[in-house]
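S.K.: Residue numbers (the working numbering), protein chains in the order written: chain X, 20 to 294; chain V, 20 to 294.
A portion of the hints provided could be inaccurate.
One copy or any two copies: either way a pair holds, since identical chains are not told apart in the list.
Stated by the list, open to error - Below, computed lysine-lysine pairings styled on DSBU-like, alpha-carbon distance capped at 35 Å:
{"id": "1", "residue 1": "K107", "residue 2": "K215"}
{"id": "2", "residue 1": "K185", "residue 2": "K245"}
{"id": "3", "residue 1": "K122", "residue 2": "K107"}
{"id": "4", "residue 1": "K165", "residue 2": "K218"}
{"id": "5", "residue 1": "K88", "residue 2": "K122"}
{"id": "6", "residue 1": "K251", "residue 2": "K85"}
{"id": "7", "residue 1": "K73", "residue 2": "K276"}
{"id": "8", "residue 1": "K272", "residue 2": "K165"}
{"id": "9", "residue 1": "K122", "residue 2": "K72"}
{"id": "10", "residue 1": "K272", "residue 2": "K72"}
Since the hints were made in silico from the structure, they are not lab data.
Here the structure is a predicted model, which means the values were calculated and not measured.
Next come the chains, spelled out residue by residue.
Number of protein chains: 2
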Amino acid sequence: MKEEKSKIGIFDSGVGGLSVLKQFIKYLPFESYIYLGDTARVPYGNKSSETIKKYAKECTEFLLSKNVKLIVVACHTVSSVALEEVEKVSAVPVVGMIRPATKSALIASRNKRIGVIGTRATIASNAYQDYITQNSYNSELRVFAKPCPLFVPLVEEGFINHSATKLVANEYLSDFLEMNIDTLILGCTHYPLLTKVIKEILPDVELIDAGEQAAIFSLRLLAENKLLQEEKDNFLPSPNVEFYLTDMPMNFKEIAKTFLGFEVDKIEIVNLSGK
Amino acid sequence: MKEEKSKIGIFDSGVGGLSVLKQFIKYLPFESYIYLGDTARVPYGNKSSETIKKYAKECTEFLLSKNVKLIVVACHTVSSVALEEVEKVSAVPVVGMIRPATKSALIASRNKRIGVIGTRATIASNAYQDYITQNSYNSELRVFAKPCPLFVPLVEEGFINHSATKLVANEYLSDFLEMNIDTLILGCTHYPLLTKVIKEILPDVELIDAGEQAAIFSLRLLAENKLLQEEKDNFLPSPNVEFYLTDMPMNFKEIAKTFLGFEVDKIEIVNLSGK
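The shape of chain X in the complex, shown without the other chains (with noise of 0.2 Å):
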């Protein structure tokens, strides 16, 4: 039998992380998990590069303090304006949630036009646009973006299926379609749970979860890596999972259920900012 070797720290500024958590454990069963929410800071989205560098590394040291095998940054927003930071501070590797969700975009694409949705502050840093431009060897390509911000706080209401969320999701897309786009890039760990809204207003568009490619994209590192836990036959009752809050939001049972489809018992809250 191997040694165990230590654990997966993945962190967003709230619960949307938990979305991703869900596709890592779909693709990496056998592994343990170290959740971390910084819940009392969130949203990030909004906020100024500078902050959200100085929280993304104040979460990162949490985590190392936590002794991880690989640090996963949920949160797009990080990922977009502060993972030069975040791989600084980290002597483990880092997985930002950009580049697998670029690569599978270019992959997917067939006629080259790729639309990306996300936070103001994701759109705003170009993170995804440039990523894109720059793997591509096809001069034609052409990268839509568009800063969604009411989308978060629709899915954290339950507005999953609302016809207020139908009106938002038209207002925010419909722009797409006369774009002709036939790739989106859900860049915002909310997104994939509007995945059925999203679909309604562009039904031939090819929605790429950035979680799922993540995972994927860790799958391959760490077993590369020789760092992945060893197989069992029998997969455990419920997954390995420790959770860490910076603040315990009023309605985050119900939001953890919504994004991972199991309940949610035992969280730590944790203080980041005396530090």
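Since the structure of chain X is already known, use the hints to place chain V on it.
M.R.: Relative to the frame of chain X, chain V by itself:
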């Protein structure tokens, strides 16, 4: 000529308090103001009362360091769950949102059926509900409270008259019709901007703008304590306000203009959590 007295300090979790500042400028145009928005940690409305108390204390200490003569807690969430903490720290008078709005609602209501809307934290604290009940001698009085978490992001996205906002408002408010309220307290700084939409759903209900009531309340408080600036014959070309934020949000200037009606030029960024 009387000696010049110090400024009025107003703090909020973010930009919403600018709607309160607007009311103060209207009723107290000869005063000078210091506005603090904790934009690095906004919003408070979905956070725990422990975290809200900590943040409120830090905001109060900042305003006190600026030598203000009055502290206005523009944030309804703080007014609901942390007003005592602010009063404990402050050597100068403190005006919150609950008391002035409640008093006005009790006077306005004829049928003694009062509605309150606010953030999740404000409504869950029962601060409005308790204060209304405690201050009414009418045992028939009924209070109906409802959290409306999506109103804040809708206003900040500029969806003031959008059809999605009308659908959300209808979802939140239509129950009040059956409850037969005749008065509704707008228990959040952002809600006065939705007056028109709310009026469409509740045309016969009197809306109480808590910021306006707090300004009138402060006018009396300062006058009784001889702390008002002397009235001048001419109004200033622009109001005398110093703006401090803990982070510069992406779309601050637009939002500020929506809330205040005038442009904000000079903003200083300060750090509260490092103290």
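S.K.: If a hint holds in the structure, say so; if it doesn't, say that too.
M.R.: Going through the hints against the structure:
1. Neither within a single protomer nor between protomers do K107 and K215 lie at most 35 Å apart by alpha-carbon distance, with minima of 38 Å and 50 Å respectively.
2. Taking the shortest Cα distances, K185 and K245 never come within 35 Å of each other, neither inside one copy (45 Å) nor across copies (55 Å).
3. Taking identical chains as interchangeable, the C-alpha atoms of K122 and K107 lie at most 35 Å apart only when both belong to the same chain, with a minimum of 23 Å there against 55 Å between chains.
4. Both within a single protomer and between protomers do K165 and K218 lie at most 35 Å apart by alpha-carbon distance, with minima of 16 Å and 32 Å respectively.
5. Taking the shortest Cα distances, K88 and K122 sit within 35 Å of each other inside one copy (24 Å), while across copies they are farther apart (58 Å).
6. For the identical chains of this complex, K251 and K85 are intra-copy neighbours only, at 24 Å inside a copy versus 63 Å across copies, given an alpha-carbon limit of 35 Å.
7. Both within a single protomer and between protomers do K73 and K276 lie at most 35 Å apart by alpha-carbon distance, with minima of 29 Å and 29 Å respectively.
8. Taking identical chains as interchangeable, the C-alpha atoms of K272 and K165 lie at most 35 Å apart whether they share a chain (30 Å) or sit on different chains (20 Å).
9. Taking the shortest alpha-carbon separations for K122 and K72, only the intra-copy value of 25 Å comes in at or below 35 Å, while the best inter-copy value is 45 Å.
10. Taking the shortest Cα distances, K272 and K72 sit within 35 Å of each other both inside one copy (28 Å) and across copies (22 Å).
Figure legend: structure checked against the earlier numbered hints; hints not met, in rising order: 1 and 2.
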